[in-house]
Amino acid sequence: MNRSLLLVVEDDPEMRSVVSFTLRNYGYDVREAATGAEALSQIQTRTPDAMVLDLGLPDIDGFVVTACVRQEHEFPIIVLSARGEEQHQVRALDSGANDYVTKPFREGELMARIRAALRRPVPVAERRDLNVGDLRIDSTQRRVFVRGKEVTLTRTEFDLLDTLARNADRVVTHRQILRAVWGAEHVDEVHYLRVYIKLLRTKIEVDPARPTRILTTLGVGYRLVSSEVLS
Amino acid sequence: MALRTAALQRALRDYGFAAACVVLSTLGAQLVQPYGHLADLAMIHLLGIVFLSLRSSVRTSLVASVVSIFSFDFFFIAPRYALAWSDAESVVTFVAMVVVAAVVSKLSENLRRQEQAARAVAARTQALYELNVELSSSRDAAQLAAVTARHLTKLFGVPVTVLLQTPEGTLQPAQTARDRSLSQSAWLRREFVKQHAPSGTAIWTPVLGAHSALGAVGLKPLLPFEQDSEQGVLLSACVNQLATALERVQLAGAVRRTQLEAEGERLRSSLLSAVSHDLKTPLATMIAAGAALIGRTGEIEPKAADEILRSVVNEGERLSRLIHNLLSVTRLESTHVELRRTPESVDDIVLSALGRFNDRSRKTPIVSEIDPDLPLISAEPVLLEQVLVNLLENATRYAGSESAIAVYARAADGSVLVQVEDNGPGIAEHEREKVFEKFYRGQAAPKSDGGVGLGLTICRSIIRAHGGKIGVRERAGGGTLVEFTVPFAAAREQLSREASLDS
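Sequence order for the protein chains is A and B.
Read in the working numbering, the first sequence has 204 at position 204, and its numbers run on one by one without any break.
Whatever position you read off the second sequence (first residue = 1), add 1000 for the working numbering.
Because the hints were derived from the structure by calculation, they are not lab data.
We treat Cβ as the ideally placed atom computed from N, Cα and C, and that holds for glycine.
Please note that the accuracy of each hint is not assured.
[Stated by the list, open to error] Chain B regions said to be covered by chain A (calculated; three or more residues, Cβ under 8 Å): (1) 1310-1323; (2) 1346-1353; (3) 1370-1380.
[Stated by the list, open to error] Just a sample of chain A residues kept apart from chain B, beta carbon distances all over 10 Å, derived: (4) PRO13; (5) ARG24; (6) GLY27; (7) GLU38; (8) ARG46; (9) ILE60; (10) GLU109; (11) MET111; (12) ASP134; (13) GLN176; (14) ALA184; (15) GLU185; (16) VAL187.
Could you put the whole structure together from the sequences, leaning on the hints where they help?
Here you go:
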């Protein structure tokens, strides 16, 4: 099996070695960087398959690192940040990070995020049919099947589900969803989203009161899960 | 110019009135003449003089009395129609008329002055009283200055400037809400022009406190006045009231600052004493556990090693929770909490809290019933989730891992009402308020469970910041019921499906 190369960018040496140790244990190749500058030069030498990036770096702001990387590279970036700093997570995601993990985290959580991030070798956006867990989305015909049974969605509901499905298993921020579904001028109308997520859940969840497919990440956005990752 | 015209008009009116009195008394005498004595005719003239003197100045009365004498002499005293007299008796009448005019007009003038003075005193008292009432209900210096300026403007009929002494010792215009919209330099320029305009002089009165100057009040009166004039006295009385009020406000500010500092000091020391133990204990456990494993990974049974490592993780998580709580309290207790509010649905928050709480030590699942048709609330969702997690943690901690815990959410009076209940031992009535205080732990609290008595304090701060209420009750059938409210979002943040652009 072709081992993926992960770049761990974290200024705290203890934290860095624990993360690297965990990732190596799971069979990844790991390189380390302690600063943003070091990370950028490592990426120049050898492009990793994914990057785990701490937001609080001593030299370059984590958001800036993300933005710099995104100008040239497509590889997934998973951001590490402290709990209670949702606005940082949102900012990181909006500036191009693929996902985030809050510190302190358990290893299972970090591994699930990395697996989900690495799982898309071809851009999902170019596929015709999306399969997310027991959902099948036919983008050309705009039809949706839940466990083989077709459900009827309105145009907005379909666009919303489609946006989430293209980014399956990663958090999509409110702004990202609003921009994709309602357009750039509506990025602050979070209440649209609340209502339509509710409507969508009643159609695709087994128990809309206890959603298991569309999960809420408070203060950040929504995540459509392909059940395998959650476990 | 205008003033001179007014004075002239007053003099004209005065003399016109005097002339009318003289003419009328002469005409009256003319009518009575065929039947009356000369003394009666003199009396009629005297009546006219007295009547006039009651209302006119001394000078006008004297002039009128002399004119009246001439007319009396000319028309009635033989030889008639000539300015001459034949007997001494007439001279006495003349003198009497002049004296009466002088005395009566002087007396009535005094009376008028007194009345005017009394009226002025009453008006001043009234003005000062009104100023005082408004000053004593004002809370800050800028407001005091604005109130004083408004009252003085009303009293003197001209714009009034109030400058306040800044802590740096310079005089600054008191910034009221309206003035703040103007840039300060523009404001100063405007005031400068107003005060130093070529016509008229501004009067600046210092506002003196017991120990220092507090500011200055400037106005440009229509007519210049002296400091001891009626207006001068009124002005300085008003300024004195402003000084007293300013000192009161300054003193109150100083007292409040001292109180805040003392409060902060007390919080810091209780924080330190409460927290130091709770911070050190988990650290000590982690260090000891880690040290026990170093160099012995081969000797220790894997099961025992796991046990030790698990305690490291548990203690670490406990420490992490504690620090998170401390940071929350610090943020929420600081004076200005800016909530990052968004329209949120209650079920998302409750479900997220249940998901995060997800305590593995619980044996029975938590029941939740959320009204599916609740309107959105405007909230910082992560904070409300924190409230629920804290409440769930408390319920598990005090009621035990096998207790029945339930979360309910429904609409109540423009708000969402969220209730978290357990069937544990409950909270004694006298403790139901205290449990929200910082570092207060219930009587039933286990001694060493990592709690420091901040959970409910944080909950209360968060709910209050959202404009809601939180309280503890006894659950029907025994146990604790904590409930809180959060107001629904404004109507424009609610959206019905029909209102949206969908097909």
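Results of checking the hints against the structure:
1. A count of 3 residues in the stretch 1310-1323 of chain B with a Cβ less than 8 Å from any Cβ of chain A is obtained; the coverage claim is therefore met, three being the minimum.
2. Against chain A, the stretch 1346-1353 of chain B contributes 5 residues with a C-beta closer than 8 Å to a partner C-beta. That satisfies the three-residue criterion, and the hint holds.
3. Taking a C-beta to C-beta cut-off of 8 Å, the stretch 1370-1380 of chain B contributes 4 residues in contact with chain A, enough for the three needed, and the coverage statement holds.
4. Once the 10 Å rule is applied to beta carbons, PRO13 of chain A is consistent with being away from chain B; the minimum gap is 16 Å.
5. At roughly 18 Å from the closest C-beta of chain B, the C-beta of ARG24 of chain A stays outside 10 Å, upholding its exclusion from the interface.
6. With a minimum CB-CB distance of about 22 Å to chain B, GLY27 of chain A clears the 10 Å threshold, and the non-interface call stands.
7. Every beta carbon of chain B lies more than 10 Å from that of GLU38 of chain A, the smallest distance being close to 28 Å; the non-interface claim holds.
8. No Cβ of chain B approaches the Cβ of ARG46 of chain A within 10 Å, the least distance being about 34 Å, so the stated non-interface status holds.
9. Every C-beta of chain B lies more than 10 Å from that of ILE60 of chain A, the closest at about 25 Å, which supports listing it as non-interface.
10. The beta carbon of GLU109 of chain A sits about 12 Å from the closest Cβ of chain B, which is more than 10 Å, so the claim that it is off the interface holds.
11. The non-interface label for MET111 of chain A is consistent with chain B: the shortest C-beta to C-beta separation is roughly 16 Å, beyond 10 Å.
12. With a least beta-carbon separation of about 20 Å from chain B, ASP134 of chain A lies farther than 10 Å from that chain, consistent with its non-interface assignment.
13. The Cβ of GLN176 of chain A lies farther than 10 Å from every Cβ of chain B, with a closest approach of about 15 Å, so its non-interface assignment holds.
14. Once the 10 Å rule is applied to beta carbons, ALA184 of chain A is consistent with being away from chain B; the minimum gap is 15 Å.
15. No Cβ of chain B approaches the Cβ of GLU185 of chain A within 10 Å, the least distance being about 12 Å, so the stated non-interface status holds.
16. The non-interface label for VAL187 of chain A is consistent with chain B: the shortest C-beta to C-beta separation is roughly 12 Å, beyond 10 Å.
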